[in-house]
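Trainee: This is what each chain is made of:
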Amino acid sequence: MLDQEKLAAAMGNLEEQEVYRLLNDVMTDGGKEAQLAMDALRDGMDDVGKLFEKGEYFVSDLIFAGEIMTNAVSILQDALVGENEGTKLGEMLICTVEGDLHDIGKNIVKAMLVAAGFEVIDLGVDVRPADIVEIVKERNIKIIALSSCLTLAVESIEKTIIALRENGMRDDVKVLIGGNPVNEAVCKYVGADAWAHSPQQSIRICQSWA
Amino acid sequence: MNKEQAEKLYMERCKLFRDTIAFKKPARIPYYANIWTWRWTDAGYTVSEVCHDYDKVKIAMDLFFSKYKVDAVIDSGVRNPFPLVNTLGDSWYDNLGKESFNCGDKYCFDAEDLDAMKENIVKALWEIGQFKKFPNAKNYTPEQYAKAAKSLQELFEVRDWLVKDLARGKYGCYCGWSPNVVGFEVMYLFFRGIKGVSLDLRRDPQKLKEVCLAIDEIVLNPVIKRLRALPRGYDMEKPYDEFSLMLGHTVLSEKQFGEIYWPAFKRYIDTFAETGKQLFVFSEGNWIRFADFFDEVPRGVVALHVELDDIYEVRKRNKTITLSGGLQNSVMSRGTPQECVEMAKRAIDTLGQDGGFILSENKMCSYPMDAKPENVKAVAEFASNYWL
Numbered sequence: 001m002l003d004q005e006k007l008a009a010a011m012g013n014l015e016e017q018e019v020y021r022l023l024n025d026v027m028t029d030g031g032k033e034a035q036l037a038m039d040a041l042r043d044g045m046d047d048v049g050k051l052f053e054k055g056e057y058f059v060s061d062l063i064f065a066g067e068i069m070t071n072a073v074s075i076l077q078d079a080l081v082g083e084n085e086g087t088k089l090g091e092m093l094i095c096t097v098e099g100d101l102h103d104i105g106k107n108i109v110k111a112m113l114v115a116a117g118f119e120v121i122d123l124g125v126d127v128r129p130a131d132i133v134e135i136v137k138e139r140n141i142k143i144i145a146l147s148s149c150l151t152l153a154v155e156s157i158e159k160t161i162i163a164l165r166e167n168g169m170r171d172d173v174k175v176l177i178g179g180n181p182v183n184e185a186v187c188k189y190v191g192a193d194a195w196a197h198s199p200q201q202s203i204r205i206c207q208s209w210a
Numbered sequence: 001m002n003k004e005q006a007e008k009l010y011m012e013r014c015k016l017f018r019d020t021i022a023f024k025k026p027a028r029i030p031y032y033a034n035i036w037t038w039r040w041t042d043a044g045y046t047v048s049e050v051c052h053d054y055d056k057v058k059i060a061m062d063l064f065f066s067k068y069k070v071d072a073v074i075d076s077g078v079r080n081p082f083p084l085v086n087t088l089g090d091s092w093y094d095n096l097g098k099e100s101f102n103c104g105d106k107y108c109f110d111a112e113d114l115d116a117m118k119e120n121i122v123k124a125l126w127e128i129g130q131f132k133k134f135p136n137a138k139n140y141t142p143e144q145y146a147k148a149a150k151s152l153q154e155l156f157e158v159r160d161w162l163v164k165d166l167a168r169g170k171y172g173c174y175c176g177w178s179p180n181v182v183g184f185e186v187m188y189l190f191f192r193g194i195k196g197v198s199l200d201l202r203r204d205p206q207k208l209k210e211v212c213l214a215i216d217e218i219v220l221n222p223v224i225k226r227l228r229a230l231p232r233g234y235d236m237e238k239p240y241d242e243f244s245l246m247l248g249h250t251v252l253s254e255k256q257f258g259e260i261y262w263p264a265f266k267r268y269i270d271t272f273a274e275t276g277k278q279l280f281v282f283s284e285g286n287w288i289r290f291a292d293f294f295d296e297v298p299r300g301v302v303a304l305h306v307e308l309d310d311i312y313e314v315r316k317r318n319k320t321i322t323l324s325g326g327l328q329n330s331v332m333s334r335g336t337p338q339e340c341v342e343m344a345k346r347a348i349d350t351l352g353q354d355g356g357f358i359l360s361e362n363k364m365c366s367y368p369m370d371a372k373p374e375n376v377k378a379v380a381e382f383a384s385n386y387w388l
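First to last, the protein sequences are chains A and B. Here the first sequence is numbered in the numbering used here, starting from 1 and rising by one per residue. Here the second sequence is numbered in the numbering used here, starting from 1 and rising by one per residue.
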């Protein structure tokens, strides 16, 4: 039987091999406790976020946590198909905007959003405004997180928000922007709803919108 | 301007840097343009055109210096030299477009190569690294290598022309950067990448540390040796003695920085203090988290570029390091010339009255939207006439 506290602690302490061992045990038992394992991983990721905010963990630790989380989901994947229990905060979209191929920041935030209970549609990198608008329309998405690293991406963020407005969707969608080139001034002139540099802050903002 | 006038101006500009880094009141605060590929599109070229043609690189650089009265510019103009990259037919650049291009992550080593790297880093580069970075390298012919060597020589010649004949010889301006970095930076930038070092830091920190030391042995130690062999004091034909990068700290906690980065970097900085020389550190991301480490750095030895931190807060925290920055890209790109001049004036008045400050854009100007030409012109004009 899964020891949720043990798994959450292993995730929070970034004990990679221990996390995989506990998850493989879950799958050996037929995967009936896969959702409980996901809940425990979520608690562990929450601890990772808190340690990041306290300055005990930093970016490299978040990248490592993201790697563990990605592998963890892939171990549990078969058992999780069709599961609808647990904390579900709804669908949201994340991507790196057009002209920018950087994905490390996006992947960290995505891993933490998944852990927090969002169903995250990840469109990848270098994503055109038209493609974002299409998915938002098709899936009735209410929260979008736009990631960037290059200053060039600020223009793409602005174009994406204009495209949402032109398609009459801006008032129905909350837009969070993140990454190195964004700040309060950028947030204002591109017309986003919020901005963040830290993953934990990103999660909190999305949770407040869910 | 004739050659003699250009040389006189060049020496005056070098002195501005030397004085301000030493916290001696300079005649005025130098403007060190953090302007890179922005020059290409400002000259009316597409990125694709310039990347493949050194003549266009030269024309764009010439046009830049003739239009904007900057004191120095960080980039020498030969970043992303596609003629060299394409020589061996193993280019990994894509999306080569009008204003930008991208390239996928491609690093020399995987985690399982750490032992070989630790053992003999040069051997590992030849036997493992080059084949991971250049997948077709096993099939390269001696003729291809010879062609690559020729292309590299051509690149050096173009760089020398830009730095010596054009920037210094025609405009009295300094440009060029040949960074010397600590082992962790080499791992972060070239050998393992951001994700690679992040995983190594958790999975095998001791081995990573040993590899960084092995890299220091061949990258940093020869520079330290060379600096010690030089006569004590500044080389007045340069604005500072060496250039370094501080980028990898952006993924490290303070504890990790203290263990894997600072010992080598401190040894490097100490060499400048010992030999009476000056170091410029181009730093990205937030630096203020690491301010405690730099409390040991003596006054007048290091100049530091400030990207994301509030430069006024950094000044309050540290009184011994010269700060470079103060021009916010968000204002340079969206503001008016008047707003940009006011921003420059505030920075010089607040941070530079007794030296210890260099005016520069906080973020690299790479794309057309990163700054308006009229704003760069206004700031350069203002800085060149604002005497202290």
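Just so you know, the hints here were simulated from the structure itself, not pulled from any lab data. In this text, a Cβ means the ideal position worked out from N, Cα and C, and glycines have one as well. There may be inaccurate statements among the hints.
[Claimed, not checked] Within a straight-line C-alpha distance of at most 16 Å, the following computed EDC-like cross-link-like pairs (lysine to aspartate or glutamate) qualify: (1) Lys137/A / Asp171/A; (2) Lys255/B / Asp103/A; (3) Lys106/B / Asp103/A; (4) Lys138/B / Glu154/B; (5) Lys54/A / Glu127/B.
[As the list claims (entries may be wrong)] Output of the computed footprint for chain A on chain B, the stretches with three or more beta carbons under 8 Å from beta carbons of chain A: (6) 53 to 64; (7) 201 to 212; (8) 239 to 253.
Trainee: Now look at each hint and say whether the structure bears it out.
Mentor: Quick rundown of the hints versus the structure:
no. : hint                : in the structure
1   : Lys137/A / Asp171/A : holds (13 Å)
2   : Lys255/B / Asp103/A : violated (26 Å)
3   : Lys106/B / Asp103/A : holds (14 Å)
4   : Lys138/B / Glu154/B : violated (24 Å)
5   : Lys54/A / Glu127/B  : violated (43 Å)
6   : 53 to 64            : violated (count 0)
7   : 201 to 212          : holds (count 3)
8   : 239 to 253          : holds (count 4)
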